[in-house]
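Hey, can you work out the whole structure from these sequences and the hints?
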Amino acid sequence: MKKILTILLILMMVTSVVFAQGRQETSKTATENYSFGGSSTVAPIANSAIPAFEVKNPNVKVSYETLGSSTGISQLLEGTLSLAGSSRVLKDSEVKDGCVTTTIALDGITVGVNETVSIANLSMQQLKGIFTGEITNWNEVGGLDQKIEVILRDEASGTRASFEEIVHNKIAPKQNAIVAHENGDVASKIAATPGSIGYIGMAFGSIITEAGGSLLTIDNVKANVENVLNNTYPISRALYVVTIGQPKEGTTEKAFIDFLLSEEGQEIVAENQFIRLN
Amino acid sequence: MATLRKNNLRKATESGSRAILLLSAMISIIAVFLIIVFILGQALPTLKQVSLKEFFFSTTWYPTQDPPHYGVASFIIASFEVTLIALILAIPVSLSATIYLSQFAKNKLAQILRTSIELLAGIPSIIYGLFGLSAIVPFVRNIFGGNGMSLLSAGIILAIMILPTIINLSEVALSNVSQDLINSSIAMGATKWQTISRIIIPAAMSGIVSSIVLGLGRAIGETTAVLLVGGNAPVFAKRPIDMGRTLTMNIITDMAYATDTHRSALFMTGALLLLVILILNLCVVQISKRKRLEK
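Protein chains in written order, with my numbering: chain A, 1 to 278; chain B, 1 to 295.
Hints listed in this document are in silico derivations from the structure and should not be mistaken for laboratory results.
Watch out, some of these pointers could steer you wrong.
[Claimed, not checked] From the structure, some residues in chain B lie toward chain A, with a derived Cβ separation under 10 Å:
1. Tyr-62
2. Gln-65
3. Leu-133
4. Ile-143
5. Asn-147
6. Met-149
7. Asn-232
8. Val-235
9. Ile-252
10. Ala-258
[To be verified] Subject to a maximum C-alpha distance of 20 Å in a straight line, what follows is the list of computed PhoX-like cross-link-like pairs (lysine-lysine):
11. A:Lys-222 - A:Lys-128
12. B:Lys-238 - A:Lys-174
13. B:Lys-192 - A:Lys-147
14. A:Lys-254 - A:Lys-222
15. A:Lys-248 - A:Lys-96
16. B:Lys-238 - B:Lys-106
These numbers come from a predicted model, not from an experiment.
For glycine and all other residues, C-beta sits at the position ideal for the given N, C-alpha and C.
Laid out in structure tokens, this is it:
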């Protein structure tokens, strides 16, 4: 008897869960769904902005898929996404197809070295030589006689893509280099490897110094918010959202862009350690 | 009437619990099957872009370059190289430790040793990795040169990690050798050492070999620890002190944001790893089968 009771009880619990689910679904009928996606660098901004945006627009449901800038833009053109995040400028072909960018934030890339490296500054030309493998010893750039150990990010990293584009345009980086798979990994490998050099999103520069490495000036300019804003720090980039044609008034896409550019949106940008536009 | 009902109920419970047990047993089989199906399902689209020959025999891994290259040959070799280094270092140590534990260690000392070996087995691999980064990498750098991040460092870390696997399993094999056999050997006038080397070890051989194969499986599948100390450069390592990337490191490095062919190529790498592990496990099954036949 007891057993039958238990089974009945379990059945009741299961069915109540099922029915409760059903009710929940019916109460949410009038929502509109929007798929945004693209750059992994933009993802933290989008993912913190979306909940706040949905609170303001209760009938709108937005998702941001982390696909990488290029995949995001190609899916935007195919119509799978209605808005794409990008951490790189558009290619000519994408502009021709009607893509339009709106800048939502700025970002810089910091270069850090191991404490055994006695250098405080590198020129962009030297940086390019080091990361493409032409310069292999610190004494070629005015340092001690010490082998340079290059630390790269993984192939899928947006920071790596931007660094390659800005610093060693289209030339493949040195293959015999340490590959770190995330920012913390870059910092600990710079700290652990004598003669090493690596790059990291500006927001994360402090974890290199905390781990025992030091940050370089590039062309004698320090990587900080001020120098990115006045355009003197050379390794900087803008983060964009991309739409097909100018975003139209009254659409959710336009509302989302306006939200990102609003005080609250820019506050989210800053909270995620990127540089706000104003 | 009441007894009949009670009987029926008992029968129902019995067959019910049997069904539940069967279902639980089936779940593990189904899990293996589903893993293979889904990994292969995600992996096979690679072949639309990359030929099997390029995938297995090219050493150029450059998934974001134009045109992309997806060759994992150097990762396959690196995987086997770190495992080989780990085995060369771990086998003598673990077998000596096993013999000591099962034949010589007295109660209290044996207890302490067993506890610390269990502790070694319980340490998470990320901790091994951090230890490797702070201790083994500088050690290799100072003794052998290079930057210290190397297949050798990865092999050393793996050797420590597989010690408990080999020791625990081969100790079971050693203690399963029949006491009669040992007693007869001693009765024949053999010394303790002769008994160990000529009787106990040969009798426990298949158990020892399967413990080594299981250790090998653990070494080849380890990811986190080797990622921290191996350097992760996608190049062919000419010497053990050069940086390299194993199959597991390749999967974890790019997985987060990889798309399309790049993503499926990572699944293909996973399928390859799965295949290697399955083959290893089949070897263990074969060895233990032979053991049963001998008995």
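Do the hints match the structure? See the list:
Because the closest C-beta pair between Tyr-62 (chain B) and chain A is about 7 Å apart, less than 10 Å, the hint holds. Interface hint status for Gln-65 (chain B): upheld, as the beta-carbon distance to the closest one in chain A is roughly 6 Å, under 10 Å. Hint status for Leu-133 (chain B): holds, given a least beta-carbon distance of 5 Å to chain A, under 10 Å. For Ile-143 (chain B), the suggested interface contact is broken, since its CB lies about 15 Å from the closest CB of chain A, more than 10 Å.
A least Cβ separation of about 5 Å between Asn-147 (chain B) and chain A falls short of the 10 Å threshold, and the interface hint therefore holds. Proximity of Met-149 (chain B) to chain A holds as hinted, the smallest CB-CB distance being about 6 Å (cut-off 10 Å). About 4 Å separates the beta-carbon of Asn-232 (chain B) from the nearest beta-carbon of chain A, less than 10 Å, and the hint is met. Hint on Val-235 (chain B) holds. Least Cβ distance to chain A is approximately 5 Å, under the 10 Å limit.
The restraint placing Ile-252 (chain B) at the interface with chain A holds, with a minimum CB-CB distance near 7 Å, inside the 10 Å limit. Using the Cβ-Cβ criterion of 10 Å, the hint placing Ala-258 (chain B) at the interface with chain A is satisfied: the shortest such distance is roughly 5 Å. Of the supplied pair hints, the one linking Lys-222 (chain A) and Lys-128 (chain A) holds, its CA atoms being roughly 18 Å apart against a limit of 20 Å. Taking the CA atoms of Lys-238 (chain B) and Lys-174 (chain A), the gap is about 17 Å. The hint holds against a cut of 20 Å.
Taking the CA atoms of Lys-192 (chain B) and Lys-147 (chain A), the gap is about 55 Å. The hint is violated against a cut of 20 Å. Using a Cα cut-off of 20 Å, the hinted pair Lys-254 (chain A) and Lys-222 (chain A) is violated, with the two alpha carbons roughly 36 Å apart. Only pairs whose Cα atoms come within 20 Å are accepted, and Lys-248 (chain A) paired with Lys-96 (chain A) is accepted, the gap being roughly 19 Å. With a C-alpha separation of about 46 Å, the suggested pair Lys-238 (chain B) and Lys-106 (chain B) falls outside the 20 Å cut-off, and the hint is violated.
Violated hints, listed in ascending order, are 4, 13, 14 and 16; each of the other numbered hints is respected by the structure.
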